[in-house]
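Protein chains: 2
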Amino acid sequence: MESIIGEYDYKVESFHLDCTERLSLSVLGNQLLNAAARHAESFGFGREALRQRDRAWVFSRLLIQMDAPLCEFDTYTIRTWVADATRWFSTRNFAIYDASGTPVGYASSVWAMMNLATRKAVDLAAELPDYASLVCPENEAPACPIERSRRSNVSTAEPSLVFRPLFCDIDYNGHFNSIRYIEHLLNALPMKVCRNYPVQRMEINYHIECRYGEVLSVYVAEVGDGEYDAEIRKEDGSVSCRSKIVFDLKR
Amino acid sequence: MESIIGEYDYKVESFHLDCTERLSLSVLGNQLLNAAARHAESFGFGREALRQRDRAWVFSRLLIQMDAPLCEFDTYTIRTWVADATRWFSTRNFAIYDASGTPVGYASSVWAMMNLATRKAVDLAAELPDYASLVCPENEAPACPIERSRRSNVSTAEPSLVFRPLFCDIDYNGHFNSIRYIEHLLNALPMKVCRNYPVQRMEINYHIECRYGEVLSVYVAEVGDGEYDAEIRKEDGSVSCRSKIVFDLKR
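Read top to bottom, the protein sequences are chains F and X. Numbering follows the numbering used here, with no gaps: position 130 of the first sequence is 130. For any residue, its number in the numbering used here is found by taking its place in the second sequence, counting from 1, and adding 1000.
It should be emphasised that the hints constitute simulated quantities derived from the structure, not laboratory data. All C-beta atoms in this analysis are idealised placements derived from N, C-alpha and C, irrespective of residue type, glycine included. One or more of the hints may lead you astray.
Straight-line C-alpha distance at most 30 Å; calculated DSSO-like pairs for lysine-lysine [said to hold, decoys possible]:
no., chain 1, residue 1, chain 2, residue 2
1, F, 234, F, 120
2, X, 1234, F, 234
3, F, 192, X, 1120
4, F, 192, F, 234
To give an idea of the interface, some chain F residues facing chain X are shown, with a C-beta separation under 10 Å as derived from the structure [unchecked claim]:
no., residue
5, 17
6, 29
7, 33
8, 47
9, 161
10, 172
11, 189
12, 195
Given only the sequences and the hints, what does the whole structure look like? Please build it.
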């Protein structure tokens, strides 16, 4: 089963759609995580194996790009592989294909491994000595033409949305679930854009964890036509995450 | 494929868990809807067929009872059938089985068919003349020992939660998604209970539709040990839904 490139099949169910009737970005985010988890498990460093060692993978960055929409009952395939591993970070890439095998999107994610007792990052090379052998050589990896954006920069004075992560936003560690960030960020953008156009690209850089009940504010700046920078800030002004969202206004 | 009792298989993925590490009630709600939709489709009155006639099924009531938890990677089977049909309402029941075939829960739902142009209920007998023949005779139906609660009654003066349905809460009709009600109701309950005990039973009676951006308040009354009545009210005081939630404090 284990292969340096994991390949997993999915289907767009009716309740995976957002109100534009396309696969919602948060559901896609969860399916990317699912593919990553299944791939990691096949090599013995999945969530459960790590938890027994008091470790967990945490997101440092997530970047999703969709070039064509996925709609109700579409089947799609996610390929995923480890593209890079440094002492502190692992880069995992994804390519998303429609039923005919045509690429419809890409994603890139950067992960750190956390010591659940200390909440500090773990030295990957020391923790998983064989990890580097899982890195897929670039000439063997599927195409993944996706690049990191320039840093977002939001100087807006007033938040577009103030919310608190509640029961349904929290994961088993008591922290604000990484994928739920996608939903709250989209909730803070202008509805007339979200309602009518697909997200073509979304990047989230995770900086500081959030906990249940914290008051969080989403600040948004329109930086181009259908392009937004957004930040989620805590009450003390510290930035929990920075994000860039680009809509495809032509579709 | 079509059978008067539909049977569909599911699996609990990691991202289907709530922070208690059990299958979240909103994901289960979506899977019940999925089973209902697949069953309805097999008889030609699924969402797409109805939409072409400007009709849609809408929830009038949803009642879920879980007697044993479903956990990560568990497979489960949902059986669903039409238990009753009157002029205005169709009752669809569900039984949920674990991998060994043991029942772990039940659900019952009441649906009306809406004319999407007028937003009024449609006479089911006139709209779908053959519908009555789909009602599963009681002696052929799987056991579904689940009863409607007495009416909830909330006289609490202060709301536990005030929220607005935003982009991610809205369905393609522009209305507050029925299953998202589950999340916002749970978000309004005491976290120390939600965090530690499974929901044993949740009933939602849907009264008035809500739209994007409306200010909604959740009023909660503790009516017993681990038992809550809740109402979602609009700004004008009208009740959008009434709910009863019972936690299993012994698990």
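Looking at the structure, which of the earlier hints fail to hold?
Hints that this structure does not satisfy do not exist here, as all of them hold.
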